[in-house]
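Novice: Whole structure, please, built from the sequences with the hints as guidance.
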Amino acid sequence: DIQMTQSPSTLSASVGDRVTITCRASQSLTSWLAWYQQKPGKAPKLLIYKTSSLESGVPSRFSGSGSGTEFTLTISSLQPDDFATYYCQKYNSYFWTFGQGTKVEIK
Amino acid sequence: EVQLVESGGGLVQPGGSLRLSCVASGFTVSREYMSWVRQAPGKGLEWVSVIYSGGSTYYADSVKGRFTISRDNSKNTLELQMSSLRADDTAVYYCVRVRWDLPGWAWGQGTLVTVSS
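Those sequence lines, one after another, are chains A and B. Taken in order, the first sequence gives residues -17 to 89; the numbers are from our numbering. Taken in order, the second sequence gives residues 6 to 122; the numbers are from our numbering.
Please note that a few of the clues may not be correct.
[Claimed, not checked] Listed next, the in silico DSSO-like pairs over lysine-lysine satisfying Cα-Cα at most 30 Å (straight line): (1) B/Lys48 / A/Lys32; (2) A/Lys27 / B/Lys48; (3) A/Lys85 / A/Lys27; (4) B/Lys69 / A/Lys32.
It is worth saying that the hints were derived from the structure and are not from the lab. A quick note: this is a predicted structure, and the numbers were derived from the prediction, not measured.
Specialist: Right, here's the structure in full:
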């Protein structure tokens, strides 16, 4: 089964910073890769689906890219509301899986 | 408006069974890809199961043979029958509408399952 590894596990950044989170797959993937944001005590919120498609209502400062075994989520200018934990998820075929998460903290 | 509301969680003894339900509104469950995802206290997200619109079902290795995902089309509901429950099944369980390559995905608010004696 394909494993998803996110890096870094924790990221300290300031408002206005450009932030990049990486998700690496143990085998080459198709484009069925999603990114979520989760805040404490809340359900996850979809940001990106199909590697680079922005979910409705999600600010354009979020973007996704990648192919093969390496995928990235980029926040172009970090806002106070963006401090949260982010997860990637492979979705297709018979085995779906999440990365272990990246916590974005205030520097 | 699309909405998912889970229910059925609670305290159950190890080895016991529980049935979770997720009532959907604003769309038809049988026409969508629907998934269960769980999150143990203080841990990350773990995919549990998915049912495709065509009816195919898939499970994480950790629950295979113990959990069964299904749909009740008459109630527009997604269900998860859980048996032989273990302490490490303790988690908040979320149902998720997966739109694959379209916008409009949705998550429920979650229901807490606690497995303890």
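Novice: Does each hint hold? Answer for all of them.
Specialist: Structure-based check of each hint:
1. B/Lys48 / A/Lys32: holds, 25 Å
2. A/Lys27 / B/Lys48: holds, 17 Å
3. A/Lys85 / A/Lys27: Between A/Lys85 and A/Lys27 the Cα gap is close to 15 Å, so the pair holds against 30 Å.
4. B/Lys69 / A/Lys32: Answer holds: B/Lys69 to A/Lys32 is near 27 Å, not above 30 Å.
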